[in-house]
Each structure stands twice: as structure tokens, then as C-alpha cells.
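Sequences and hints are given; from them, build the entire structure.
Numbering-wise (this note's numbering), the sequence shown opens with residue 16 and increments by one.
What the hints contain is simulated information worked out from the structure, not anything from laboratory work. There may be inaccurate statements among the hints.
[What the hints assert, rightly or not] Derived DSBU-like pairs: lysine-lysine, alpha-carbon spacing no greater than 35 Å straight-line:
id : residue 1 : residue 2
1  : Lys198    : Lys253
2  : Lys261    : Lys141
3  : Lys40     : Lys28
4  : Lys142    : Lys28
5  : Lys28     : Lys85
6  : Lys23     : Lys234
7  : Lys141    : Lys124
8  : Lys107    : Lys23
[Unchecked claim] Now the in silico label distances, taken between C-beta atoms and shown as ranges:
id : residue 1 : residue 2 : range
9  : Phe114    : Asp236    : 22 to 28 Å
10 : Tyr289    : Lys245    : 54 to 60 Å
11 : Gly215    : Ile91     : 30 to 36 Å
12 : Asn249    : Lys141    : 40 to 46 Å
13 : Trp163    : Asp278    : 21 to 27 Å
14 : Pro268    : Ile91     : 47 to 53 Å
15 : Asp236    : Lys85     : 43 to 49 Å
16 : Glu70     : Asn22     : 38 to 44 Å
17 : Leu189    : Ser272    : 23 to 29 Å
Since the structure is predicted, the reported quantities are computational estimates derived from the model, not experimental observations. Here a beta-carbon is modelled for each residue, glycine too, at the ideal position from N, C-alpha and C.
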Amino acid sequence: MIELTLNKEFARKYIVEFIREESEKIGLKKTVIGLSGGIDSALSFYLSVEALGNENVIGIIMPYGELGEKSKLDAIKITEILNTEREIVDIKAMCDPYFEMEDMDRARKGNFMARTRMAVLFDKSKKYSAFVTGTSNKSEILVGYTTWYGDMASSILPLGDLYKTQVRILARYLGIPDFILNKIPSAELWEGQSDEGEMGITYDELDKILYLLVDLRKKPDEIVREGFDKTRVNKVLKMVFNSHFKRKFPPIPKISSRTVGIDFLYFRDYRPPYL
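Rendered as C-alpha cells:
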């Protein structure tokens, strides 16, 4: 059975430099980060502080009332440890009026909360003249364990090529406190919710299957021969390709000679020489 590893010092230096370079390309010195009290946002926060300085990183903590009270306190502790600015925005007053208008199940409520947090983050980015640093990792992005135009909406994703297993490795290497490291992964969109419970698979198993599928380009039967259950492998395959739309630009019907997203394609920081 394979084990995911990570060149910790290389990853740290590379991501820190990536954040600095993207900050320069965007033309903004500051960043805002949604601090949930979880490991992904904490690691993004630590790396951003190293890249930009603690005076240029603002933690936006967005609880929903008393839900996740401990995580709110943990997020506050992170800003205290790193001596950064923070804001606490309780989204309950924004969400509840809409919840009262609609007969909503918890999945719809959770998605609405995630998109409300996104709206707050981009508003705060305008307030501080900052860009939004996202906190999604490679595991979440690949299986679509994100809210479309919610937690995936950001200016940059520094953890986007790190599996959750590798996020844990790097977080421990950087000295992120145990009260963050030992927490059960959860978006805390409702009471008792957990990532692994909702996905129906542990991150340890998920990451290994994803690594074989994506990085090593193994076929499903080859992954099964590595010692994984066929049902689990097929489950992960479906998660990856059923969520592919979340990783793509919305479809546009091609009518003209050059169409955005089809053949009008440039890197986002490209500028023609005549500008």
C-alpha cells in the first residue's frame, strides 16, 4: 500500500514564493482569509503571514451563531499567535431571514452559508484593498467537496496542489498548534457534520486513490490491484468526474471566431505589449 509523502521545506518555500508572486501580479499587498479554526485555513494563514508579513494578512472569522463556537475561539487564537488583524462577522443575521422564507434542507442551508461567507470575504477584500486567499486543498477540489461559488471562490489557492494528508504533514512541520492539528475535519455547516462522514471515506484512503488516479494516471483496475476495494475506487472516480463542472469555466455556445474559454485563452496575468 502506498504512502503519500512531502518534501516539507520545498513545499513551504515554494508556496510562500507563490503567494508573494501572485500578490505582485495582482497588485495588492494585503490578503484576507476566511479563518474557520480548521487545519486548511490555519496553514493558509501561516504561509500567507510568512509570505506577506503579519501586517498584511487579515483573518475574517465567520461563525453562524453558536454553531462551531470552539472553532471560532481557535481561529481567534491563531490570529493572536501570529499577531494579525482580524474581524468577526456572524453570518446568522444574514442567513436566517432567507432560511425563514424557504423550506430548506440542511444541504441547501450549508451551501447558502458557504456562499454568504464568500460574499463577506470579497466585500472585506474591497474594504482592505486585498485579494482573497482560498483554503481548499487538492482532495476537496478533485472530488468536488466544495460549494460552487462558495468556498472555492478566491483569488488564489495556495493549498490547491496538496492533498489533505500532505496538508497535515506541512502543518505539523510549521508548528501549527495541536488544538488545530487534532481536530476532526469539518465544514461545520450543521451540528455533528464531518468531512469524512459526509463523503463516506477517510482522507487517508481517498488521498491514496486520488494520487494513483491523478498523479500516477493509474486505471481503476490497476488501483484495485494496489490493494483498494473496487467499490471504493469506483466511488472516488464518480466523485471526481461528477464534480468536473466545478473546476471549469461555465460553457459558452461558440458563435464568433474567438470565444472566451474556448479559443480566447490567456494566462490571467497576461498583458499584450501595447498596453
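What hint numbers does the structure not satisfy? Those not satisfied are hints 8, 9, 16 and 17.
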